[in-house]
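Asker: Note that the protein sequences, when read in sequence, are chains F and S.
Start counting the first sequence at 1; every next residue gets the next number (this note's numbering).
Start counting the second sequence at 446; every next residue gets the next number (this note's numbering).
Mixed in with the good hints there might be a few duds.
[As the list claims (entries may be wrong)] The calculated label-pair distances, taken between Cβ atoms and stated as ranges, are:
no., chain 1, residue 1, chain 2, residue 2, range
1, S, Glu591, F, Thr432, 47 to 55 Å
2, S, Glu515, F, Leu392, 33 to 41 Å
3, S, Gly639, F, Ala244, 55 to 63 Å
4, S, Gly696, F, Glu45, 30 to 38 Å
5, S, Gly696, F, Gly194, 49 to 57 Å
6, F, Glu45, S, Thr697, 37 to 45 Å
7, S, Pro505, F, Thr432, 40 to 48 Å
8, S, Gly696, F, Phe357, 23 to 31 Å
To be clear, the hints were calculated from the coordinates, so they are not data collected in a lab.
Ideal placement from N, C-alpha and C gives every residue a C-beta, glycine not left out.
Number of protein chains: 2
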Amino acid sequence: MEVTRTLARYLVNSRWEDIPQRVRHEASRALLNWLGCAVGSCRHETVERALAAVRPFSGPPQAAVLGRAERLDCLNAALVNGISSHVLDFDDTHARTVHPSAPVLPALLGYAEWRGLSGAQLVHAFVLGVETECRIGLSVFPEHYERGWHITGTAGVFGAAAAIGKVLGLDERKMAWALGIAATQAAGLREMFGSDCKSLHPARAAQGGLTAALLAASGFTSSERAIEAPRGFAHVTSTKFDPAVITEELGTRYELLNNMYKPYACGLVTHAAINGCIDLAREHSIRARDVERIDLTVWPMVMELTANRAPRNGLEGKFSIFHACAAGIIHGAAGEAQFADAVVQDPEVIALRERVFAVPDPAIRKLEARVTIRLKNGAAHSKHVEHALGTLPRPMSDADLEAKFKGLAGEVLPPAQVEEAINLCWQISAQTDAGVLARAAVPRA
Amino acid sequence: MEVTRTLARYLVNSRWEDIPQRVRHEASRALLNWLGCAVGSCRHETVERALAAVRPFSGPPQAAVLGRAERLDCLNAALVNGISSHVLDFDDTHARTVHPSAPVLPALLGYAEWRGLSGAQLVHAFVLGVETECRIGLSVFPEHYERGWHITGTAGVFGAAAAIGKVLGLDERKMAWALGIAATQAAGLREMFGSDCKSLHPARAAQGGLTAALLAASGFTSSERAIEAPRGFAHVTSTKFDPAVITEELGTRYELLNNMYKPYACGLVTHAAINGCIDLAREHSIRARDVERIDLTVWPMVMELTANRAPRNGLEGKFSIFHACAAGIIHGAAGEAQFADAVVQDPEVIALRERVFAVPDPAIRKLEARVTIRLKNGAAHSKHVEHALGTLPRPMSDADLEAKFKGLAGEVLPPAQVEEAINLCWQISAQTDAGVLARAAVPRA
């Protein structure tokens, strides 16, 4: 069965007119969410380290380092922006496979700045890139992931290759080569979780996929059966391979519609409890000093992963459900700002977190929680969060995504540019020059 | 067991004085062989395609594209020179694992040009890089290779990271990070054999290993158990892992001493027969027109892989034992020149190849052959080649390597530079500036 060629043929033949409005709008949402993550973490130490390492080798200033004044050649920009996209673990997540945007958009937006792309071209290529990486990821999931591969790296490289291959106008054979050159660069080990290398995975995927498409455009050859061959990507990296997931319903099923955005800057498992706390505090105008105690009933894994009673800094705060809920009640949010060292060390937050109690319950699902806040005056308010905000049954609204973007990019860009970038993301398909978005995402001199 | 840290500690603590003279000399031999391959194929179409693709992104002219006037930044130079190192399949081969030089030397010589390294530093780092990639490759061989990984790509990236990590003077922890950042980039599928991607594997290994060491030097973190962890390189990519192969006899066993160089520009399986033909023709001054017939007794796989009776061009000629032996008798050599289209189509060569006959014999080993040349005057000359030239029991001599270099580089460089480059390889450990070798390996204006 021809898998690589079938996928390549679809990518080449897909027309902008074929992309449903709902998918285009989801692309805008993904773009806004991604850009906020990349801009918001542009001064993260992991980004600084990578930028310092590659800067001496950079070519012409073709593309922005998002959020910063530096400009790099497209290949190095894809690497650095790939890292900032993912380093906070705050970027989007497909329900069962990759973080879709981080491997694709850094390659694509940099290319748009360099060579010029319309917004529609960018969105179209992005949709196809996401489709490619998600389908390839799903075809080998979960065995591939269970073996130890970080699927955002291994499948992501195909997404970037497909997206750039599309904007380069590759024919079917060269598109198959681009996918093959991507396949033979697919890498990324889960062993790296907890180190800077985790965010290197989508970054190398973005850079490698861009390289793959550029090489294919130059006539650089590859196997044309790189995904399905006995010594191809799927069989070498997984014991499971379901080719139909890649080849069926092309152009009718869109994996981008299974994309999720995180409202809170910490692990997904804590989201339902935080969600309940923030909602109750807002609905009942609860102030920290009035709270007697907070009781959470949670999925048992929450206690294994995030039961840190006394976090000392922001990173530890992300693994403390007690901190996350206390900060959520006081601040009405749980973005990056609520995981700053100063907030984790704030006496008011500490006093409240000591009154947060959690019990595991095997009957509670992963993204579900029950929350009760008891006040000193004897009142009690309860909430059952069946699906945390940001899950597929209960997605973040467009307004939620705007607020998240403001929280991230507002630390880096002046308010007028924050508004401009938001508007550009919603209107991206109508732009004649998608590069305007990159220019809105760096501080103006 | 600490594998990655043990290896890192050895790499950091190794001193130049510790490297035996025999190993240093083998490094010169490998350097000469590698440089000839890279220079000789500098105009290969695969190299042209890659250069065209990456040139728009290149930074400062830090390093030579070997054999050519173009200069690129070190990262892009490592890629392009990595391709030219391997594209002819004429580079060195460790007896049971990687092609050692192609992933390491393109990174190292480019770095030497850019930052300055003494010849001893370069040789020392090269020896350590080869040790690293070979030991890691051997620790997972053969299951890793049988699963479909091109081990020169997957293990090679560790070699480049170790070599560059050494010249950067990384401490033990950062060296472990460099190995980890290499591990999480390890890639390359055997499915790509027969396409341009085969030579992309050592090229990406060189570039990725260089990147890994530079990132580690900037403080970019990684797992420090990247090789041995349950989700580390070895377990994710192989069902076999023998850590002792990596950690034992460090500093006493040198895998570079198991390195082999190919005298003939085609697959190893034909080498014994070619060897016998060339030797008999020289020893008995045999001319093609005097030959009645040539009979070969060969390892059975030779007939499966190289039984092309009527090759039409140079590439097909490499898979025709009949052509290779006929050209060898007439030219006294079987280098790249003997696999030119014109030689494959030469009527004199064709006439002789039609008188070459081969029979398989299960009692004959892989690099063994029996050759009999019968002359029209009734005389017959026979030879049993027990070990083909270039194997470990019968290595190419230094003079053989010089002749091979002249055959490859002589097409690109003027004779004085060919001699200069040869002398620099033999004397490399005494050079204060190893970059002189790169400058000798490009045509002077």
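Asker: Which hints, by number, does the structure contradict?
Answerer: Of the numbered hints given earlier, those the structure breaks are 2, 3, 5, 7, 8, listed in rising order.
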